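In the order they appear, the protein sequences are chains A and B.
Each residue of the first sequence is one higher than the one before, starting from 8 at the first, in the numbering used here.
Each residue of the second sequence is one higher than the one before, starting from 15 at the first, in the numbering used here.
Treat the hints with care, since some could be wrong.
Per the computed footprint, the stretches of chain B lying under chain A, defined by three or more beta-carbons under 8 Å from a beta-carbon of chain A, are [unchecked claim]:
{"#": "1", "stretch": "343-356"}
{"#": "2", "stretch": "397-403"}
{"#": "3", "stretch": "421-428"}
Partial selection, computed: residues in chain B whose CB lies under 8 Å from chain A [stated by the list, open to error]:
{"#": "4", "residue": "G247"}
{"#": "5", "residue": "G373"}
{"#": "6", "residue": "A377"}
{"#": "7", "residue": "V380"}
{"#": "8", "residue": "L407"}
{"#": "9", "residue": "T408"}
{"#": "10", "residue": "I412"}
{"#": "11", "residue": "L416"}
{"#": "12", "residue": "L521"}
{"#": "13", "residue": "E582"}
{"#": "14", "residue": "T583"}
{"#": "15", "residue": "T610"}
From chain B, some residues computed to sit far from chain A (all C-beta separations above 12 Å) [said to hold, decoys possible]:
{"#": "16", "residue": "A185"}
{"#": "17", "residue": "Y244"}
{"#": "18", "residue": "A340"}
{"#": "19", "residue": "L515"}
{"#": "20", "residue": "Y535"}
{"#": "21", "residue": "L593"}
Hints are computed from structural coordinates only; laboratory data are not their basis.
In this text, all values refer to a predicted model and were calculated from it rather than measured experimentally.
Cβ atoms here follow ideal geometry from the backbone N, Cα and C, with glycine treated the same way.
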Amino acid sequence: MNMKKRRRLYFAAALVAAGGVLATAIVYELGNNVLYFYSPSDLATKHVGPGVAFRIGGLVEKASVHHGAGADVRFTVTDGARVVPIEFNGVLPALFREGQGVVATGALRPDGTFDASEVLAKHDEKYMPPEVVAALKRSGRWKEGE
Amino acid sequence: MLGELGQLALCFALALSLVMAISGLLGAGADQPNALVARRIASASTLGMMVFVVLAFGTLVTAFVTSDFSIADVANNSHTLKPLIYKITGVWGNHEGSMLLWVLVLSLYAGAVAGLQRGERLTSAALGVQGLLAAAFLLFILFTSNPFLRLDPAPFEGAGLNPLLQDPGLAFHPPMLYAGYVGLSASFSYAAAALMVGEDGWARAARPFMLVAWIALTGGIALGSWWAYYELGWGGFWFWDPVENASLMPWLIATALLHSALATEKSGAFRTWTLLLAIGGFSLSLIGTFLVRSGVLSSVHAFASDPTRGFFIMMLILCAIGGALALFAWRAPTLKGGASFDTVSRESALLLNNVFLVGSCAAVFVGTLYPLALDALSHGQQKISVGPPYYALTFAPIFFALLLLVPFGPELGWRRGNLKASARALAPAIGLAAVAVVAVLAIASPRSLTGTLAFAVAGWLIGAAILDFRKRKGARASAFAAALAHAGLGVTLMGVAGTSLWRSEALDVVGPGETMHVGPYTLRFDGVTQVQGPNFQATQAQLALMEKGRVVTLLRPEKRVYPAEGQETADTAIRTTGLRDLYLALGDDRGNGRWTIRAYVSPLAPFIWLGALVMAMGGALSLWGRLRVRLPTPEPAVQPAE
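In isolation and in its complexed conformation, chain A is listed as follows (with noise of 0.2 Å):
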């Protein structure tokens, strides 16, 4: 019985250490692995350091898409209020539009270009990214019903 009960003891000695190796990681990960979301105002401010990963969202800046050799395409995307040139090498959404709202994830480089890995687009006409709405708010060109 004796034994039983100790080999019972080390049992949920390692349920209780495996969670608390789960929790560690969940908490520290999580610290490492988030994205800031960032409108170009917000970068104007916050002075995020090249290499760091975050996303940027806002509207594709009327005449600003310019294709370069191979796949590369850059453009810029505003608030309204900043305006932040992107660089991207990859397909465009299909609902990539000049005057649209997207959202892009990269990083800057230290000539302030952004370097994106991933552009998304909105999804359909009546849909815009949240983010990309609540910059628009922030920067005080938001129109409901736009």
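Place chain B on chain A using the hints.
Below, chain B alone, put in the same frame as chain A:
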């Protein structure tokens, strides 16, 4: 007239669901004549409610098929030019219709509960809880999301359906997923009923519903991921998007529930824990519905931007979860404790299974809800997202550990197992794992430690499943259910590892006659043509797959413009050998006949969904066995050895 008919049917269904709730709960009393009458009323009103909900749903389908634009929901989400199949599937391609589908599935499950099992206290109480749920959702539909609201004057043409949803994969994804989500409501109701009545045997009664829900969830998630793979054009199958996580969490808990309920049923262990899992599984389904439908997440699923809807669903969730947990806190201590078992036993293996499944679910839960919580707490000033690296470092290792232990479960005996004997019996599976490792090292490049480990575990899982098959040769079909489901896990794991670690990718701008290379393939671009679809105009590229200067096959990725909806979608072209997918997506027009083409070669990609299918078949086998011997067998006489 259709609108009024549907509306009336919904009102009748609401009234009957209230009758069902009251009579069901009254019928949960001791076997007195009054209670017996109440039980009969509960059964009858359940079937009545089901009929009226089916009628309401049928009315809405008819309105969509006949393009009755006097109904606002149809006018906003349909179009006369849409193919018939997408007129029908458009019924649930919007918020109102999808909520009606939710209630339809709920009422079908309630009908099955009433039809399959009748007369007992437990069933009556379960019907009462189902009635409460149905009433709450019917109220939600009637007051905030009525699909039968009229438009005056009716427009000549509808606004169309989001083209992303006009796809066979996505057309049947919502009903499957709902069959899973809402199927967990049956387990939830049975668990609440067991707490009220204080009765054993609920795990056995609820088992067929658990199995159906789990099979449907597995299928629904697989369909959704398959759709994301071929429709989104990024070559990925899982993006750790909050919407995907919302369906994964109930699946993880439902899987834990299936295993824990088995222990409760067979040996009387984990009685209270199983109840808690049943409550938790449906709670996560409700939370998933809220996340997906309330518009807090940015996705193709976010229909409801109306804040009253989000508020209503949130109150509903709080009442359901809070009520069930309060009932649990109040009643669980009065229940018989779980039966004891040895440290080395089937029960311990199932306990570990539950620890890992619930742990991995916790990791997903935190990653999904932390950004929302932070957003709410900072009043929208701090918007963050949690990406795949987080899940790769938390979810993946936990799940990996779980997979490593899976083969021991079926091998160990109930109550007291023999670890040494089990390990010896499983030794040949290690052989298969070794074969897998050698094969990976010989074939795959570059070499990857994670990939090699994944294939070792897959070989181990499949090997153990084969051993389990052989051991049970001659047994009835349902005895093979676990082996099949576990083998499916191994198959999916190979697919996931293959695509994630050894995918090759090419992104080129090509003109007519030019070639591009991806992995071992050479592709010649033959230019684009315009193709007219039923309700779209497609720009279709043609690429020839070349081998030694000869054309092997032609692939045609395209971009579609839907004029009614004013939208564009990309349709990929995939050529599969069963072991490897060649995947092409058409990108942007770069002028002078030159286009961007994105190409992937994904080794073993089909295995991801093949494995899910095998898992679902395992579930189906178990269900079949249950339904065949549905006659009530007495509970094994288990004495709680305290």
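Which earlier hints turn out false for this structure, listed by number in ascending order?
1, 3, 11
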